[in-house]
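Assemble the whole structure, with the sequences as input and the hints as a guide.
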Amino acid sequence: MANKPEDIAREEIESRLKQKIEKTKLFTIRWSVS
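Take 0 as the starting number for the sequence shown in numbering that gives the first Met the number 0 and just add one per residue.
Think of the hints as simulated: they come from the structure by calculation, not from any bench. Among these hints, one or two may not hold up.
[To be verified] Using C-beta positions, here's what the derived DEER-type ranges look like:
{"hint": "1", "residue 1": "Lys3", "residue 2": "Trp30", "range": "23 to 29 Å"}
{"hint": "2", "residue 1": "Pro4", "residue 2": "Ser33", "range": "42 to 48 Å"}
{"hint": "3", "residue 1": "Lys22", "residue 2": "Asn2", "range": "22 to 28 Å"}
[Unchecked claim] Here are the simulated EDC-like cross-link-like pairs (lysine to aspartate or glutamate), alpha carbons at most 20 Å apart as the crow flies:
{"hint": "4", "residue 1": "Lys22", "residue 2": "Glu10"}
{"hint": "5", "residue 1": "Lys24", "residue 2": "Glu13"}
{"hint": "6", "residue 1": "Lys3", "residue 2": "Glu13"}
{"hint": "7", "residue 1": "Lys17", "residue 2": "Asp6"}
{"hint": "8", "residue 1": "Lys17", "residue 2": "Glu5"}
{"hint": "9", "residue 1": "Lys22", "residue 2": "Glu11"}
Values in this document were obtained by computation on a predicted structure and should not be read as measured data. C-beta atoms are modelled at their ideal positions from N, C-alpha and C, and glycine is treated no differently.
In structure tokens:
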């Protein structure tokens with residue numbers, strides 16, 4: 000199964016969103032703890 004450019008782009012966006020969410024979670028946890 001070959002990846003189409005739009006599929007690759009979507010995966011890229013999803014992984015970036017996940018990273019953003021993880022960073023936001025960490026930041027929120029730190030902020031609420033301190």
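Comparing the hints with the structure gives:
Evaluation of the 23 to 29 Å hint for Lys3 and Trp30 yields a failure: the beta carbon distance comes to about 40 Å. Distance hint for Pro4 and Ser33: a CB-CB separation of about 44 Å, consistent with the stated range 42 to 48 Å. With their beta carbons about 27 Å apart, Lys22 and Asn2 fall inside the hinted range of 22 to 28 Å. The suggested pairing of Lys22 with Glu10 holds, with an alpha-carbon distance near 18 Å, which does not exceed 20 Å.
Between Lys24 and Glu13 the alpha-carbon distance is near 16 Å, which keeps this suggested pair within the 20 Å criterion. Taking the CA atoms of Lys3 and Glu13, the gap is near 15 Å; set against the 20 Å cutoff, the hint holds. Distance check on the hinted pair: Lys17 and Asp6 sit about 16 Å apart at the alpha-carbon level, within 20 Å; holds. As the CA atoms of Lys17 and Glu5 are separated by approximately 18 Å, the hinted pair is consistent with the 20 Å bound.
Under the criterion of a C-alpha separation no larger than 20 Å, the hint pairing Lys22 with Glu11 is consistent with the structure, at around 17 Å.
Checked against the numbered hints above, the structure violates only hint 1.
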